[in-house]
Amino acid sequence: MAKAEETYHRRHCRGYLGGRSRFGCLNPPTHSVHDCVVVQQREAGNSSSTVRNQLFTSIQSQLASDVPYIPLWEGKANIVYKTDINNVFLHPVVFRYFFMSRTTSNNTLVAGTTDRVKSLDPAYAYDYFSIEVINQVFDTLLVYNPTDQTLMPGLATSIPAPGNGVSSDLKTWNYTLRAGLKFSDGSLLNSTTVKNSIIRAITLNLPGSAAFLLSDVGQLGNTTSTANPKFTINIDTPDPTHISFHLHQPVAFFNLLMAFSVSAPVPTFGSNAYSTTGAQPTEQGKVIGDGPYTLTAYTAGQSLDLTANAGYYGKAIYASAGFPSVPIINKVTIKSETTATQLKNDLTAGSIDMAYRTLNPQDITSLQIQAASLGLKVQFGQSPQIRYLVFNVKTAPFNNVLLRRAIAYAVDRSLIANDVFNGQVDPLWSMIPPLLNYSIPVFQLVYGSSPNLTQAGNLLSQFGLSIYQTLDATRSIT
Amino acid sequence: MPRRGSLVAYGVTRLVMAFPMLLILLTVVFVVLRIIPGDPIYALYGGRAKPSVVMAQRHKLGLDQPLYLQFANYIAQVFTGNFGTSLGPIFGGQNVMDVIMQRLPATVELAVGSMLVATIIGISVGILSGINRDRIVDVVGRLYGTIIFVIPIFWLGLMLQFVFAVDLKWFPVNSRFDVSIPPPATITGLYTIDSLLKGRLDAFAVAVRHLFLPCLTLGLVLSGFFTKTVRANLLRTAGADYVEAARARGIRRRAIVMRYAFKNALIPVITVLGLEFAILFAGAVLTETTFNWNGMGLLLVNSIEVQDYPLIQGTIIVYSFIIVIISLMVDFLNGLIDPRVRY
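Chains A and B, in that order, are what the protein sequence lines are.
Mapping the first sequence onto my numbering, position 60 (from 1) lands on 60, and the numbers just tick up by one.
With positions in the second sequence counted from 1, the corresponding number in my numbering is that position plus 478.
Among the hints, a few may not be true.
What the hints assert, rightly or not - Keeping only pairs whose Cα atoms sit at most 25 Å apart, straight-line, the calculated DSS-like set for lysine-lysine is: (1) LYS171(A) to LYS230(A); (2) LYS394(A) to LYS528(B); (3) LYS538(B) to LYS528(B); (4) LYS82(A) to LYS647(B); (5) LYS528(B) to LYS230(A); (6) LYS195(A) to LYS286(A); (7) LYS377(A) to LYS331(A); (8) LYS377(A) to LYS647(B); (9) LYS195(A) to LYS315(A).
Claimed, not checked - Just some of the chain A residues that point at chain B, by a computed CB distance under 10 Å: (10) ASP84; (11) ASN205; (12) PRO207; (13) GLY208; (14) ALA279; (15) GLN302; (16) SER303; (17) THR307; (18) SER336; (19) THR348; (20) SER351.
Since the hints were made in silico from the structure, they are not lab data.
Just so we're clear, the structure is a prediction, and the values are computed from it rather than from any experiment.
C-beta atoms are modelled at their ideal positions from N, C-alpha and C, and glycine is treated no differently.
When you get a sec, could you build the whole thing from the sequences and use the hints?
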């Protein structure tokens, strides 16, 4: 049975396990959920939802069978803040300060986090916190609705769709830019700036960056040279407000890529033009965006100040979502703490107004209990962030699928969720979290809702191994 | 040639002996960094870079060279004052020495403040214990000296934070300055001094308030050592002939203690000052982490987290230089005060 299963798995899963070779962004130990979203949607490229459903069902089944990963838990986003702060949205994709307002204090906000900025260059940043800050300082052609995952026009005047700016083969995407766009330093932002910025991100291809989302996943190509047309970047700018992207393959979700930070335009002309030989330094005065805030102070690893961009073009772009003018808070300071305990202490002492990423689960429970007396609000939200176990399927002992399946049978997700995280996470049964489309709890269906130690023991016995259960309910393989 | 036993000869000998000490330290740092698991390039890119990029980066940084060549380059760099550029995600590309010099004032400020606290509290408790031998004050002082010295710094720091910052709100929880106020313009990098130089008394008050808890934490831990040393030496000198003679002449007890016994009891304290500074800098790493203090200790911890070899090496080397220089100064001072140590 095992051999038949293996043949079946190998036939169907080779590409998926092969990483970048097929999908261009699946690098098992490090790929992010965003990659997954993009990959999944690309796989469905120009197919109907029925076909996409079948495809994702197949992929998830293969993963449950081949077990290169074991999904463990899905995190709930959480944030704790003073009760006078309003419009705090735990958006599943982007976290933004510019919708927030305060009722009782001056028009400033001090937020705390345990994260640290790595780079504020959109062409380089590919970590949550750097992108979070970039989203305050830079706008993209399209932006997300304040509360959900629908897109809204940002720098562009409208969202292109097939028949309305997008060719029927999904290979040409046309965007019209708003007139009179400017960066915070007053320099002009036009279609050529957008084009140059995207070419810069792709051609710099900084290690660890998200450039592959444009070149590979987005099928824009990776060179300006015409020597090999298969890889040539082809972007037209017929006039300052129109830009056309010509893709090598159809990409149904190209709009999503144009809403991601790596696509954010940066100054490419004048004295403040961004570096074309490497990442732009993350320093005050060197980070120049077109977003609601400007970076007005930065101490590496410590804190940064965001001040309202007086020349922001898009003050009213969220008017249809109930925000006639953004940003509402004039100055946001984000302070990086060394530990989660420091984050909690600063919050309870009142030194910071908000703690976002990442408080200890026990501290969140404690803050929930004390919230009223401390004048704080604890808010939970959906998050596509997942945690999973990754096996190196190329080396022993985990190159044997039976051993991996034995572990899949033995995992106790409820114990992890309740005892480790105080119930602040949910068990995860698929690499596609339930928040996203096409998620099926395949590991639950295949391996059961609770640990099946008998089945795990049977598989392990083939290796001369057994499960040793300790008094405190933890289990070891011996 | 300096005469044997002269202060100059003593100073030269100590200086020469410092070099092998530094060399051993540099070697240990180099070896330890290379035998610990992990790879700095992998840590930097998080496994997202192509193997060709990783190899190119390793080549660029000389990490693909044999260890003896890497060591030779490293030693050459250190002695030319070139510690290279940071590999980490936060300071990537910046000159290591520049980064360290930005952080050094914070640690100096913390170290000076802590030493002040340690000296005042440690010596006071030591004297009280010494002059009240076997009384309740002495028992309490001895207990204090023993317990405070073994209390983990991070625990003590957190407790002080809970009491004085979170509950009483007398002092800020952590960091060097209020985030909502611009720090004083950099002259020396020491916020207290810069505030005064710029005539900003408000900023001086803020800087002192922020210094209080970290300095108290580190100072208290260090004071245990002072307490025990001062007490032991005070008891030794209190029984000396010259003290007995002073007492026989009818000199008041307070004057005997302060003029005769205490002065002489301080000499061995100076001897252990070098060791105390080593403990101080080790403690500063923990204190800075506990209090989010933007100094060299926190820089070292952050560099270790991301395996930023040049920054780790640079920080430890600067620490080592500081401790070696202070040890030399203490030795020299000791030789000056007590000529017997020169032989």
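Structure-based check of all given hints:
| no. | hint | result |
| --- | --- | --- |
| 1 | LYS171(A) to LYS230(A) | holds, 14 Å |
| 2 | LYS394(A) to LYS528(B) | holds, 18 Å |
| 3 | LYS538(B) to LYS528(B) | holds, 15 Å |
| 4 | LYS82(A) to LYS647(B) | holds, 17 Å |
| 5 | LYS528(B) to LYS230(A) | holds, 21 Å |
| 6 | LYS195(A) to LYS286(A) | holds, 20 Å |
| 7 | LYS377(A) to LYS331(A) | holds, 21 Å |
| 8 | LYS377(A) to LYS647(B) | holds, 21 Å |
| 9 | LYS195(A) to LYS315(A) | holds, 24 Å |
| 10 | ASP84 | violated, 16 Å |
| 11 | ASN205 | holds, 9 Å |
| 12 | PRO207 | holds, 4 Å |
| 13 | GLY208 | holds, 4 Å |
| 14 | ALA279 | holds, 8 Å |
| 15 | GLN302 | holds, 5 Å |
| 16 | SER303 | holds, 5 Å |
| 17 | THR307 | violated, 13 Å |
| 18 | SER336 | holds, 8 Å |
| 19 | THR348 | holds, 5 Å |
| 20 | SER351 | holds, 5 Å |
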